[in-house]
Amino acid sequence: DAGITQSPRHKVTETGTPVTLRCHQTENHRYMYWYRQDPGHGLRLIHYSYGVKDTDKGEVSDGYSVSRSKTEDFLLTLESATSSQTSVYFCAISVRGAGDTQYFGPGTRLTVL
Amino acid sequence: DQQVKQNSPSLSVQEGRISILNCDYTNSMFDYFLWYKKYPAEGPTFLISISSIKDKNEDGRFTVFLNKSAKHLSLHIVPSQPGDSAVYFCAASSAGGTSYGKLTFGQGTILTVHP
Chain L
61 DAGITQSPRH KVTETGTPVT LRCHQTENHR YMYWYRQDPG HGLRLIHYSY
111 GVKDTDKGEV SDGYSVSRSK TEDFLLTLES ATSSQTSVYF CAISVRGAGD
161 TQYFGPGTRL TVL
Chain U
5 DQQVKQNSPS LSVQEGRISI LNCDYTNSMF DYFLWYKKYP AEGPTFLISI
55 SSIKDKNEDG RFTVFLNKSA KHLSLHIVPS QPGDSAVYFC AASSAGGTSY
105 GKLTFGQGTI LTVHP
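Same order as they appear, the protein sequences are chains L and U. Heads up: the first sequence is residues 61 to 173, going by the working numbering. Heads up: the second sequence is residues 5 to 119, going by the working numbering.
Bound conformation, chain L alone:
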């Protein structure tokens, strides 16, 4: 157990509304990641963080933004949700970053109607 929680676990929202997903960790790990999982695509990296206020884009970052004002929290925001953002979102941490194992949270299932 890597001490990662995600909230909410499930959310249904409407197209055009903003949505924020939260990832919380209890062990002060430096590196945090947001992925989405879709059938046929595996997990794809949305954004990642390598420290407080240090974030960067992954391969599918369009329509998403992130913030990390504290070590323990990494927020993912869908600025204006679209149906194509219906997915399962996973947060992950690693201790050392490069060449290290990532550990995942339980996921958030988001449905955009």
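Bear in mind the hints are in silico, worked out from the structure with no lab data behind them. Keep in mind that this is a model prediction, so the values were computed, not measured. Some clues are possibly wrong.
Result set (SDA-like, lysine to any residue): computed pairs, CA atoms no more than 25 Å apart in a straight line [stated by the list, open to error]:
no.: 1; chain 1: U; residue 1: K41; chain 2: L; residue 2: Q85
no.: 2; chain 1: U; residue 1: K75; chain 2: L; residue 2: G100
no.: 3; chain 1: U; residue 1: K9; chain 2: L; residue 2: R104
no.: 4; chain 1: L; residue 1: K71; chain 2: U; residue 2: P44
no.: 5; chain 1: U; residue 1: K75; chain 2: U; residue 2: H118
Where chain U lies over chain L, by a calculated footprint (3+ residues, C-beta under 8 Å) [claimed, not checked]:
no.: 6; region: 99 to 105
no.: 7; region: 156 to 168
Even for Gly, the Cβ is constructed at its ideal location relative to N, Cα and C.
Dock chain U against the given chain L, drawing on the hints supplied.
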């Protein structure tokens, strides 16, 4: 451009037999490889990893083999158990530069182990 590919969407195996899951990659900069197992409604769980300086890593019933020249890795589960039924993802990363440990995942293979 899919840099990590799992070409078998599903695999069905009898309990007690060997399960072999395969993964191919195209990026020669990848030097760390991992396998994750995922049950429905849960996050992926780390299973086993291998560095590019090795060609084999073993942990109990799980063994990962890496063939760098073929850019291919495989996960062997012996003996397979019904509780192994899950989706298996391979993933790869590069330790160099500003990779920050980003993982690139394959599409996943659904393993079903029949009693």
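Hints, verified against the model:
A threshold of 25 Å between alpha carbons decides the hint, and for K41 of chain U with Q85 of chain L the separation of about 21 Å falls inside it, so the pair holds. For the suggested pair K75 of chain U and G100 of chain L, the alpha carbons sit about 21 Å apart, so the restraint of at most 25 Å is met. Proximity of K9 of chain U to R104 of chain L is assessed by CA-CA distance (about 13 Å); at most 25 Å being required, the pair is judged to hold. Note on K71 of chain L and P44 of chain U: the hinted pairing holds, with a Cα-Cα distance of about 17 Å set against a maximum of 25 Å.
With a CA separation close to 31 Å, the supplied pair K75 of chain U and H118 of chain U exceeds the 25 Å bound. Judged by the Cβ-Cβ criterion of 8 Å, the region 99 to 105 of chain L is covered by chain U as claimed, because 6 of its residues qualify and three suffice. Residues of the region 156 to 168 of chain L lying with their CB closer than 8 Å to a CB of chain U number 12, which satisfies the three-residue condition for coverage.
When held up to the earlier numbered hints, the structure conflicts with hint 5 and nothing else.
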